[in-house]
Amino acid sequence: MLRIRRFEEKCVELYSAARIRGFVHLYIGEEAVAVGTMQALGADDAVVATYREHGHALARGVPARSIMAEMFGKVEGCSRGRGGSMHIFDAATRFYGGNAIVGGGLPLAVGLALADKIRGVPRVTACFFGEGAVAEGEFHESMNLAALWKLPVLFCCENNLYAMGTALERSESETDLALKASSYQVAAWSVDGMDVLACQSAAERATTAIRGGGGPVFVEFRTYRFRAHSMYDPELYRSKEEVEHWKQRDPIATFVASLQADGLVTQDALDRVEQEVTAEIEDAIAFAEAGSLEPVEDLARFLYTEQN
Amino acid sequence: MAPAETENVVMTYRDAVRAAIRDALRRDDRVFLMGEDVGCYGGCFAVSRGLLEEFGPERIRDTPLSEAAFVGAGIGAAIGGMRPIVEIMTVNFSLLALDQIMNNAATISHMSGGQFHVPLVIRMTTGAGRQLAAQHSHSLEGWYAHIPGIKVLTPATLEDARGMLWTALEDPDPVLIFEHGSLYNVEGELPAGAGPVDIERAYVRRGGSDISLITYGGTLRTTLAAAEQLAAEGIDCEVLDLRVLRPLDTAAIVASVARTHRAVIVDEGWRSGSISAEICARIVEGAFYELDAPVARVCSREIPMPYAAHLEQAALPRIETIKQAVQRSLGGHHG
Ligand SMILES: Cc1ncc(C[n+]2csc(CCOP(=O)(O)OP(=O)(O)O)c2C)c(N)n1
Ligand SMILES: [Mg+2]
Numbered sequence: 001m002l003r004i005r006r007f008e009e010k011c012v013e014l015y016s017a018a019r020i021r022g023f024v025h026l027y028i029g030e031e032a033v034a035v036g037t038m039q040a041l042g043a044d045d046a047v048v049a050t051y052r053e054h055g056h057a058l059a060r061g062v063p064a065r066s067i068m069a070e071m072f073g074k075v076e077g078c079s080r081g082r083g084g085s086m087h088i089f090d091a092a093t094r095f096y097g098g099n100a101i102v103g104g105g106l107p108l109a110v111g112l113a114l115a116d117k118i119r120g121v122p123r124v125t126a127c128f129f130g131e132g133a134v135a136e137g138e139f140h141e142s143m144n145l146a147a148l149w150k151l152p153v154l155f156c157c158e159n160n161l162y163a164m165g166t167a168l169e170r171s172e173s174e175t176d177l178a179l180k181a182s183s184y185q186v187a188a189w190s191v192d193g194m195d196v197l198a199c200q201s202a203a204e205r206a207t208t209a210i211r212g213g214g215g216p217v218f219v220e221f222r223t224y225r226f227r228a229h230s231m232y233d234p235e236l237y238r239s240k241e242e243v244e245h246w247k248q249r250d251p252i253a254t255f256v257a258s259l260q261a262d263g264l265v266t267q268d269a270l271d272r273v274e275q276e277v278t279a280e281i282e283d284a285i286a287f288a289e290a291g292s293l294e295p296v297e298d299l300a301r302f303l304y305t306e307q308n
Numbered sequence: 001m002a003p004a005e006t007e008n009v010v011m012t013y014r015d016a017v018r019a020a021i022r023d024a025l026r027r028d029d030r031v032f033l034m035g036e037d038v039g040c041y042g043g044c045f046a047v048s049r050g051l052l053e054e055f056g057p058e059r060i061r062d063t064p065l066s067e068a069a070f071v072g073a074g075i076g077a078a079i080g081g082m083r084p085i086v087e088i089m090t091v092n093f094s095l096l097a098l099d100q101i102m103n104n105a106a107t108i109s110h111m112s113g114g115q116f117h118v119p120l121v122i123r124m125t126t127g128a129g130r131q132l133a134a135q136h137s138h139s140l141e142g143w144y145a146h147i148p149g150i151k152v153l154t155p156a157t158l159e160d161a162r163g164m165l166w167t168a169l170e171d172p173d174p175v176l177i178f179e180h181g182s183l184y185n186v187e188g189e190l191p192a193g194a195g196p197v198d199i200e201r202a203y204v205r206r207g208g209s210d211i212s213l214i215t216y217g218g219t220l221r222t223t224l225a226a227a228e229q230l231a232a233e234g235i236d237c238e239v240l241d242l243r244v245l246r247p248l249d250t251a252a253i254v255a256s257v258a259r260t261h262r263a264v265i266v267d268e269g270w271r272s273g274s275i276s277a278e279i280c281a282r283i284v285e286g287a288f289y290e291l292d293a294p295v296a297r298v299c300s301r302e303i304p305m306p307y308a309a310h311l312e313q314a315a316l317p318r319i320e321t322i323k324q325a326v327q328r329s330l331g332g333h334h335g
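So the sequence lines, in the order shown, correspond to chains C and Y.
FYI, the numbering for the first sequence is 1 to 308, going by this note's numbering.
FYI, the numbering for the second sequence is 1 to 335, going by this note's numbering.
Read the hints as simulated data drawn from the structure, not as lab findings.
From a predicted model like this one, the values you see are computed outputs, not experimental measurements.
Among these hints, one or two may not hold up.
Among the chain Y residues that face chain C by a calculated CB cut under 7 Å, a handful are [as the list claims (entries may be wrong)]:
1. 66
2. 171
3. 172
4. 311
5. 313
Far from chain C, by Cβ distances over 12 Å, these chain Y residues were calculated [claimed, not checked]:
6. 95
7. 131
8. 301
Built from N, CA and C at the ideal position, the CB exists for glycine as well.
Next up, chain Y with everything else stripped away, as it sits in the complex (with noise of 0.2 Å):
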């Protein structure tokens, strides 16, 4: 027997992107997935595995390796009627897919005087942490994050794995999601019935007066650990995590600021023009005067990532990298 819809269920985040395709694909016969892989193969990260059997191909399309076609095909049906969920293998190759994706996907809603629009859904794995090195590495989210006419999700828990995709769908405009590789085997419980999540707003997941660290996707779960060692010390940290790139939940930022008077910023894209740049900037132009320090970002090394395991590790940001800059922010004036 199934179980009740409000009884919990233990699954992996996998588990729930999998869980909200077959959802997507049982409630509206206009939506179907398609991407490299996505069939025979069961998905290179394994989320669509079984999904063939059950759906067949027409709505479980693999597609050859053409990131762009498929992207631009996925822009064209949707604007064609159907509700594309597009899987694109991670975020690196959809460089390939760019032009599609900023010159079409974002564009035409605007560009054609709102008589087209692009209600499409593009998937993609995003983030470093396994010895992939440089062309494997990439965490560009907050990159897509500079185009107006998408929205970026990053859902970095299984409750949001489970319901950004559905309220994605309903979306009438392109929503890119992005899900850290990290997070795929990450165990934990949802009601079986677990239903769609707004993709608006920010969303407090640790309460706490001394600081604010604001996070999103592949970095929440190392910055709550840093907040939870930290409170060992007397340190209470908020931990805001952002859920949504594009558009920014700028109140959300500013009110926690506002409560804790300090900032770090925690994200694993580089530093230069980026979307902690952009956090940064709305601090200081909302809160400024909140402000007991100086905002603070912990970020990866602005290099292309390395291989070795020791390289990489010191690239990226880390438990410990998070509680000294916690530490620099209070100066030893906490408590």
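Isolated chain C, as found in the complex (with noise of 0.2 Å):
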């Protein structure tokens, strides 16, 4: 958690800086859902996310180098520096994107879950998005599909109330997500989002469900962004007391204090975890500027697939 935590805080300065360009969506305030659910997922297993993924992908095991790289549009960059911040995609760890549509990476989800389970390989697809996604046709049609066909998919929401500047309620006539979930027939519960323990005991639950073969489970995630949507925005549409309430819950903050009060950890483990996020951060940083710009010439490249 702290090494995305870090990671972004870097991210802002080195927008600020116009390192970074374009869409920027920081996950900071919401780091335990990611770093908990990951830890219920095999090497084998598939990911899809959405534009505000970089936690999602440091905490899969996607290099922070190449994910550095990939925002400073390097061709060391996951995606060569064609996809940025909202498009990291990285084969070795099957993190499927990065998706900057709102529900787009939904039915992606359900179609790697067909396959898996066509080709009869016991794997599972987490499918991360937000609760904005849930009022956008693709949900519901992908939760009937994963349902109808007892499909391997975790379907992860991410409810940090709010879609940009939509809080929920004014945009779900039913706020209950697990509730609206179940009525595909979808197994689904809510969990404190800001608790990584419990976000990963969730996430194991669910798999184990998964695995066993009774199809899709629904695991609302109840979190909340500390920042603006994206790298800037008035926040017009929520009081800084509702920010400030949230931060008190901070998942970083309130986990090491369970540490230390159950004396499970030392200052001195602290200080070495943070120096080591420091380090890997600096140099992904460094890696990411030594970079090089992939040649104009290649510019058309991959836009169909090359046969050698």
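Two chains, each in its own frame: build the complex with the hints.
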């Protein structure tokens, strides 16, 4: 969680310094969801994410170097600089994007799971999306298909209460999202998304059910984004008090506090983690800085599959 | 005190669109604005900032992330007697509502034998150039112009941003307005009481005798800048702003080419099966014997738009590529 937090804090600096451009959506405040969930996935499983996916990519094991280089638009980036912040793809970790169309990843996840089911490969596809996506048709069509065909999909709904400036109760007639999902005969429950251990056990319970052949599971993670929707927004839609209230539940601070209370971690160990994280991020930035630009002659490469 | 109606006011393109929406809401109670984050958030490009406070949530209506449903609802409300302005954040997301636009909005008048009409305006942002990568950089206005039954407007100036909405709302049929994302911060002067403009004709934005540069929307400014630089080299370009992609003002295109005998089409869309191809065809059909050189096109490279700045710039029409196309067309024969 700390890696993600520090990585993104650096992203803010680098954005201000115009080293990173385009749209950058921060995950700060929501780290427990990706970190907890990834613990329940094996190397063979697949992940589909959204434009707010630095955290998922890092937690999944996509190297910080290749993510940073991607945001610098360098050819050493995981998507060769063609995707940027919103389109992290990494075949080695079965990380299928980085999708910038709200709801766009859900059918894709259903299809990945369908391929596994047809081929008899016992794997899970975890699909992350915001609560805003629940209003899109693609959500409903995907839930129905996955349930109808009993596909091994873990639907991870990151309910941070807002879709840009639209609060959940202003966009959903039924705000109990697990109830909504269960109307498709999908097993569904909610969990405190600010508690990394709770996230992990919810995801483990879900993947156990899915691997047992029970079909898809929907988990609503109740979380909150501490920063603007994208790099800047005037935040006219929520109060400072509300943000402060949620910051009291910071997933990193509360987890560290509970470890300390139980005597499970020393200050030394915490300092060491902080140093390791700093070193890793500095290394990633240096790697990205030193990277090269894709030659313009190669602009049209990969439009179609290169067969050699 | 408010400035007199004829007095010029400095404003941005964004202000001009906002003023147009405000005018429309004041003029006609059947008008309402509907779309994602148009209210509380103030619009994803801050176009509708302040309108919720002024007109209330019934008329500045935030919608959930449901493009197909709220565009379709706009069509229904228009048939039902309202005059909705539906805002889709960007053209990229309009694809989720394409079925409603193409199969309902565009067909109902004709398919019902003229019994029902869809007086709907759909506004959306279009275009690339801000490093937003493939899924947020489409230029599909030319592609929408393929669809009979809708009208397609591309306001490139403050005057058109302000005036086209008015005329579009008076039109009994569905009108799509494409606002290029690079234009919102452009500043200019406009009379405080600027009114409606026609939505039928192309305008000559710069007169010239050597060659016609035909463009619209986001590339108008780039094309004018190229024309300016070429003027310094002694090449006199005419710049035609199409303004309306459907129906195309074929007469204006043909007339311009008849004057200059050469044409370069500048279009941020892809080249194959495109509006630039259509313009080219109209020139061939209507001004073939006027031509002194093959018609040339400067379009976006046919790839999904890449994120990296140098790749994106290389993929888009630029001053440099427009100038090269002009120079090639003239082949050293000008002057
Ligand atoms: C189909 C579509 N419509 C609109 C947008 C613009 N947009 C990007 S993110 C976003 C909010 C999404 O909210 P949510 O699903 O809750 O995810 P969060 O950003 O809160 O993580 C919107 C409206 C988009 N990318 N795709
Ligand atoms: Mg959300």
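Consistency of the hints with the structure:
no. : hint : verdict
1   : 66   : 5 Å, holds
2   : 171  : 29 Å, violated
3   : 172  : 29 Å, violated
4   : 311  : 6 Å, holds
5   : 313  : 9 Å, violated
6   : 95   : 8 Å, violated
7   : 131  : 4 Å, violated
8   : 301  : 6 Å, violated
Violated hints, listed in ascending order, are 2, 3, 5, 6, 7 and 8; each of the other numbered hints is respected by the structure.
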